[in-house]
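S.K.: Sequence:
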Amino acid sequence: MVTDTGMSTCDRWCAGSAGPATLLTGLTVALLVFSQFAVAQEVTSEGGTRRAVSIQPYVSASATYTDNVHLTDANKQGDLMVALTAGVRIAGEGGRVKGYLNYGLTGQTYADGTKASTFQNSLNTFGSIEAIDNLAFVDFNGSISRQTVSAFGVQSDGTSIPNANQTEVSTFRLSPYLRGQLAGSTNYEARYAWTTTRTGTAEASDAKVQDALVRLDGRVPSGVLAWSVEASRQSVNFATGRSTDADRLAGTLNYPVSNQLVVSVTGGRDSNNYTNAGKESHSVVGAGVNWSPAPTTTLAANASNQSFGHGHSLVFEHRTPRTAWRFSDSNGVSTTPGQLISATVGSVYDLYFSQF
Numbered sequence: 517m518v519t520d521t522g523m524s525t526c527d528r529w530c531a532g533s534a535g536p537a538t539l540l541t542g543l544t545v546a547l548l549v550f551s552q553f554a555v556a557q558e559v560t561s562e563g564g565t566r567r568a569v570s571i572q573p574y575v576s577a578s579a580t581y582t583d584n585v586h587l588t589d590a591n592k593q594g595d596l597m598v599a600l601t602a603g604v605r606i607a608g609e610g611g612r613v614k615g616y617l618n619y620g621l622t623g624q625t626y627a628d629g630t631k632a633s634t635f636q637n638s639l640n641t642f643g644s645i646e647a648i649d650n651l652a653f654v655d656f657n658g659s660i661s662r663q664t665v666s667a668f669g670v671q672s673d674g675t676s677i678p679n680a681n682q683t684e685v686s687t688f689r690l691s692p693y694l695r696g697q698l699a700g701s702t703n704y705e706a707r708y709a710w711t712t713t714r715t716g717t718a719e720a721s722d723a724k725v726q727d728a729l730v731r732l733d734g735r736v737p738s739g740v741l742a743w744s745v746e747a748s749r750q751s752v753n754f755a756t757g758r759s760t761d762a763d764r765l766a767g768t769l770n771y772p773v774s775n776q777l778v779v780s781v782t783g784g785r786d787s788n789n790y791t792n793a794g795k796e797s798h799s800v801v802g803a804g805v806n807w808s809p810a811p812t813t814t815l816a817a818n819a820s821n822q823s824f825g826h827g828h829s830l831v832f833e834h835r836t837p838r839t840a841w842r843f844s845d846s847n848g849v850s851t852t853p854g855q856l857i858s859a860t861v862g863s864v865y866d867l868y869f870s871q872f
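The sequence shown begins at 517 in this note's numbering and counts up one residue at a time.
Be careful, since some hints might not be right.
Beta-carbon label-pair distances, calculated as ranges [stated by the list, open to error]: (1) 841 with 593: 39 to 47 Å; (2) 708 with 587: 38 to 46 Å; (3) 718 with 748: 43 to 51 Å; (4) 841 with 664: 25 to 33 Å; (5) 829 with 593: 40 to 48 Å; (6) 834 with 669: 51 to 59 Å; (7) 654 with 569: 13 to 21 Å; (8) 644 with 757: 30 to 38 Å.
No lab work stands behind these hints: they were computed from the structure. A virtual CB, placed ideally from N, CA and C, is assigned to each residue, including glycine.
Let's have the full structure, built from the sequences with the hints guiding it.
M.R.: Listed below in structure tokens is the structure:
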């Protein structure tokens, strides 16, 4: 947790006799030396080699001056914050394993000592394992980042200077699943996911989430009408506060009016205890449309009744040779642990992925 007066977990663990600055310097040097040797290679069928694992250490430094380091209306104080970050990016791909990891450790200190020096972890990792060919898989992802505790507290001023309304949040997710075909015409997926979130502050509860999902989809014998059925259950256990449970069973029919236009209808039932201690059941009825007038343009819209009332989703995407545009608007239910997880390489990766 990053605060004005306290020490984070990393502070207490890292601030030994050598001191935080010595530790951060040592980590930086170690990463730079390690990078000269830690590049794994594998032999291709043509006798050459290609990189199976890429390890890229990095170091960055920044200095930020503010005339209001505590973000208060009274007794404003100015100070210069210096931050040094050492980290490593690892990307690997083998026959059955693919993964990415980006970890950084940032040390922050203040020239005039208006705040205590702190350390901040940052992590973004995800990967997948194919345990059994075309049948059993395992996905994993995780993140560590500094996030705002309360929407009603002091907000970030857009700089890297932390404040007392921020904390270090870590979220990790492990999800084994089975995927395949039944009778050669029906696709199936059975998935379980376990997620844990630690907030590092008593003002926001830690949480553990369990998800279970079974999905079937295919086409009617005519081959035109597509169908899918999905059953799911989610249990969210908070360290403080009331836990929640939600069950859902829904089926969807998709009919292609043309090669560019597909309409769909959804029906089912959900049950949850979001608003009351006991579960309440509600019918689910909805309709949607997916229009792709060109390979580079897509418009998807749907509307349905939910346990909380009306829900909708609108997504428009368009690509040009050098840009990718996306607009979305939605109204639905999202649990807090799901909002905290992050698994993306970055904006350049997202743009490259969307182009294809």
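S.K.: Against this structure, judge whether each hint is valid.
M.R.: Hint check results:
{"no.": "1", "hint": "841 with 593: 39 to 47 Å", "result": "43 Å, holds"}
{"no.": "2", "hint": "708 with 587: 38 to 46 Å", "result": "43 Å, holds"}
{"no.": "3", "hint": "718 with 748: 43 to 51 Å", "result": "32 Å, violated"}
{"no.": "4", "hint": "841 with 664: 25 to 33 Å", "result": "28 Å, holds"}
{"no.": "5", "hint": "829 with 593: 40 to 48 Å", "result": "47 Å, holds"}
{"no.": "6", "hint": "834 with 669: 51 to 59 Å", "result": "38 Å, violated"}
{"no.": "7", "hint": "654 with 569: 13 to 21 Å", "result": "19 Å, holds"}
{"no.": "8", "hint": "644 with 757: 30 to 38 Å", "result": "33 Å, holds"}
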